[in-house]
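Trainee: Chain by chain, the residues run as shown.
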Amino acid sequence: MAQVTLRDVKKVYDGKVVAVRDVNLTIGDGEFLVLVGPSGCGKSTTLRMIAGLEAITEGTISIGDRVVNDVHPKDRDIAMVFQNYALYPHMSVEKNMAFGLQLRRLPREEIKRRVTETAGLLGIGELLNRRPKQLSGGQRQRVALGRAIVRDASVFLFDEPLSNLDAKLRVTTRTEIKKLHKRLRTTTVYVTHDQEEAMTLGDRIVVMSAGRGVGVIEQVDTPLNVYRYPKNRFVGAFLGRTPMNFFDGRLVEAEGEVWFVAGPEDAPSIRLAMLPKHTEALRGRVGAEVTLGLRPSSLSEHPMGKETAAHSTIRSQVQVVEPLGKNIDVSCELLDGSPMLARIDARHDFPTSGEVKFYVDMEHVHLFEPGEFGASLLHPEGAPQNETATLASDA
Amino acid sequence: MSDRSPIESATGPLAKLARPLTFVALVLLGISFVVPFVWQVLISLSDRSEVDRLTETGFPSRISLDAYVRVFDQVPFAKYFFNSFFVAGWVTLLQVITCSMAAYAFSRIQWPGRDKVFLLYLGTLMVPGVVLMVPNFVVILGLGMFDDYTGLIIPAAFSAYGTFLLRQFMLTIPSSLDEAAAIDGAGHWRIFTQVILPLARPGLIVLAIFAFLFNYNSFFWPLILTQSENLRVLPVGLLQFNTTYGSDVPAIMAAALMAMIPPIMLFLLLQKYLVKGIQLGAVKG
Amino acid sequence: MIGSGRKRLLIALAFLLPNLIGFLLFTAGPVVFSLYMSLTDWQLTKHNQYSTESVKFIGFENYARLLWGDESHLFWDYFYNTVFLMIAIPVSIAGSLLLAVWINSKATPQKPKSKMKWGMIGLACSVAACLGAWVLASPSAAQDVMSTRSGMTDLTEYQVQAMQRNGLVLFVGIVGAVITAGLFVGQMFFRAAFYLPTLLAGVAMFLLWKTLYRPRGGLINSVLDPILGGIERVVVNTPAVIWYGTGILLALATLAFIGRSMMAGLSRYKAKETGGFALFGRAFILATVGISALGMSLVLVQLPEKSLLPSGYESFDQATILAIGDELKGVEGVDAAEVDLIVNALGEGASRADTLSALLSDPVLAQNRASVLEAVDQRSERVRRGLTAGHETERGGLQPPDWLLSSRWAKPALVMMGIWLAIGGGNMLLYLAGLSNIPQSLYEAAAIDGATGWQRFINVTWPQLAPTTFFIVIMSTIGGLQGGFEQALVMTEGKADTIVLTYYLYNLAFTDDFQLGLASAVAWVMFAMIFAMTAFNFRFGSRLTNE
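Residue numbers (the numbering used here), protein chains in the order written: chain A, 49 to 443; chain B, 70 to 354; chain C, 24 to 570.
Simulated from the structure, these hints should not be mistaken for lab results.
Nothing false has been slipped in among the hints.
Listed below are the simulated DSS-like cross-link pairs for lysine-lysine, each with C-alpha atoms no more than 27 angstroms apart in a straight line:
| id | chain 1 | residue 1 | chain 2 | residue 2 |
| --- | --- | --- | --- | --- |
| 1 | B | Lys-345 | C | Lys-129 |
| 2 | A | Lys-160 | A | Lys-226 |
| 3 | A | Lys-143 | A | Lys-181 |
| 4 | A | Lys-325 | A | Lys-405 |
| 5 | C | Lys-129 | B | Lys-341 |
| 6 | A | Lys-143 | A | Lys-122 |
| 7 | C | Lys-30 | A | Lys-122 |
| 8 | A | Lys-374 | A | Lys-216 |
| 9 | A | Lys-58 | C | Lys-30 |
| 10 | A | Lys-181 | A | Lys-216 |
| 11 | C | Lys-138 | B | Lys-341 |
| 12 | C | Lys-140 | C | Lys-129 |
| 13 | B | Lys-345 | A | Lys-181 |
| 14 | A | Lys-122 | A | Lys-230 |
| 15 | B | Lys-341 | A | Lys-181 |
| 16 | C | Lys-30 | A | Lys-64 |
| 17 | A | Lys-230 | A | Lys-216 |
| 18 | A | Lys-122 | A | Lys-226 |
| 19 | A | Lys-181 | A | Lys-160 |
| 20 | B | Lys-185 | A | Lys-64 |
| 21 | B | Lys-185 | C | Lys-30 |
| 22 | A | Lys-160 | A | Lys-227 |
Far from chain B by the CB rule (all over 12 angstroms, computed), these chain A residues:
| id | residue |
| --- | --- |
| 23 | Gly-88 |
| 24 | Glu-174 |
| 25 | Lys-227 |
| 26 | Glu-244 |
| 27 | Val-262 |
| 28 | Val-264 |
| 29 | Phe-294 |
| 30 | Val-369 |
| 31 | Asp-393 |
| 32 | Pro-399 |
| 33 | Gly-402 |
| 34 | Leu-425 |
All C-beta atoms in this analysis are idealised placements derived from N, C-alpha and C, irrespective of residue type, glycine included.
Bound conformation, chain A alone:
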């Protein structure tokens, strides 16, 4: 068991292409940390640097108390699960799992014991004599997991291990990985491009982006905190099952409150009053261009709290209604033609056209500076201190 620390890590390919920089992370002992981001954000590179498969250009990586920059992968006490599983095609399942142990010169009985035990744990005991080619995708995935677990390493590294599985299997395997981690409590670094996987698996998640040409970390926190308090527009847009709605507009002061207004002055498409607790913080920005972020689930047909029609409603024309079971997705158009998606409780008689008025849950709106990476105006530092503390305690 060990803690993994990355200090100012930077990776440059061929002396010119900067893949990632300024990576500072501490992965606690037994923690499950997920690196998530779109392709090209450097999450795999970071993982491969921890594994020792890529050289570290600058900075240090330590596992436990040891700086491992120049340590061969085999001596880092890590185990890794690859995206394509990387099972040795010419070896049986048993041999695949035993290979690393044999190379470490463990006694034969010990190897046998561990392989059998791990196979039992993963329910692949029957498959031990098969070749990888004879296995289904899910079975191969388990074998790959087994090969990592059997090694009893102090750090597990996962490189998109679920992306080759079909959607249904992905969900069940995800749950299984979580159960396994709960049981084994091994420090784990997990890379994925799927935000849902990240949210469900990670004790903490690391959102990375490549938006400015270089892979950097945008935010590190517990899944819920990142979801609730995205530090910038990129993080807000990246997390969440349905994409966040964004509206460009400006802040206006009237009636002692700060309003977000989008569209022409005389007929604004959106006019929302910000909560009084934010007024102080926003007053300095009045007149500035800002972007409003609204999750589809923050919209509803009925007031959810103390919202009033005048302060927190958006009028729109319904375009398409998509029933999803518990919810329905309503795609609509605002006065100025900009699109908006709302996810509301399902009901049969929801109109499929015409004008509808939505209430906005003002507790959960976001305001960003303009631009793709515009910083959050309401919580630029992420989650408030007290909330982080409470969530961290139950982790």
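Take the given structure of chain A and dock chains B and C to it, following the hints.
Mentor: Only chains B and C this time, still in chain A's reference frame:
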């Protein structure tokens, strides 16, 4: 397979005949490819005096294996066989070893200058073999390998083509396998022997077939590099036999036939690898 | 990547070393060395450990000698021979493509019913032929007679017929076996059968072909002979006007077809419709067919004149006449002196009729009319078949050529063999692979668009195979320019004008004077030619593949 879809069905009267006609053409061609060999067998089974009239009779009056006996009586044919197998076998073994190791260095290790050295290898593939004939002869003379087994084996034990072929093959093996092995605790030698080589087996077999067939049939180098009778390989021995006993057509045909048997066996056993290999070699010219 | 750059370099070098040493010593080094040698007067008989003379650097003198100096006539002759043999390349490539398309076309009967049908046809053929052979060889009046056929005097006619029967049965057996194998093994069988020659290409194969090409007693001429005889009979018995007429009609018909195709192609081209190109292609093919038909008919028209019938057809040279005399002297009761007298009176080139009338004018010989007739007829038959006369010019009519013995036919013989060797080889396998990589949907789309078989070939198959063809053409040209050495050495020993450039290099470097410098220059001139051809192929060919 019993029914053809409408798209495949014939449209005109001529088109309707196309398939049977094609089959007839294939059969006729097949016959023309088989007949010379059958003819060869017939001659080799005939008496010397009957060769000239075999075209009129189409069959020997008496089947005899005398011609085969004469081959072994008149020349050390068994020795030629041994030499051919000995040389081709060693060359094959050494080529597989040196080429697979080089291919590993070119395909699985990142090292400064790798692509430049590989380009050099590729470049010499473009150089026609005739350019190498004279200087190689001088080099081999200089190394004292003239008229010696080593002169036939050592220069052929390295092949830029084989390196290229195996590199192409190894590139198709996912790199995550080496990485997994490295994390499992394997060094380069172990990754090479326990992961890459077993996976490159089809490629190794292809190279081995090519190397063996090529060197088994090789004629030019043994011709200029050997003088002694006891170093003669089959092709050179056959030529000498023909020069000396050219009028004994049945014996010549018998000897030629015996020399053809090993490649045929090899082909029948390993046909699918050979076909694959030819296609692999052409993937990137 | 794992480890530092330096460490990786060392590991890589360790893996590379065995190969690299050999590579530098026997490939890369010699290339440089060879270039240097070509600029020197290095000659092993002059410069060796027993002589003090040192190798002189002579610049481009070797090249000058080859290209326009004292060696140039040899060099260019051999270059011509090399290029002549390369005729086999385009033909065999086209053949490879055709074979691949055929093999790939599912021509092998697939339905059980048609399999049965073909099996029955094969079986019926075999049975009929066996019966025929049996009847042919059934005891006849001739059975006890010693065979009168040339060269079979030790066998009875019955034995000869039995041998022929065996031969026929064997041949029918081969036909049956090929049909059966084609039916039940299908693609795999044809692929293997066609690949056989390439697999075995080498001295052994060349020896086999040398046997096949024997002017007399060789399989090829024994097949050609009756065919040519048949053609000759037809031609000789047909008035010339028919040949002229047919030739002119064919030419006119071809012209009409070409004209029509051109017009149609042109109008399509003008209308910017597709398919104009295919029509032009068809016109081109028709033109080729028509012109060769015209040429053939013109050649055929010449034949009756060239044929030595009726007068010269059986004219004898002096040696033959003497041989006839010798034969007659063996007949009982014939006076040798008398025969000599008559024979000596006959001049060179006497016809069969002259000879017969002279011999039969003698009363004693006239009594042995049968013997005289036999002696003369047998000789005239042998003359016709060229058994006594050495060269083809003295033979009459359409005769199969002497192939490897004749300067005129040796190269065509090598070309034909080259085609046979290469047609089913690696190129065919590459085409087969290329064909199997063409997505079926392309053909389906073309079929729905209404393309016929030929149009599908032109618009789908051919363009899709362009990269394969490109690769094959480049590799074949490179190989072709260097090829021809083994064939020539084994089959003609360089006689009959078959020396190619590689053979020349071999002669220069490894026989005679061991002129290593000059030989290296030959190699580099060849390299330059190969390079130029490859560059040309790339320029011209890559444009084709990009289309």
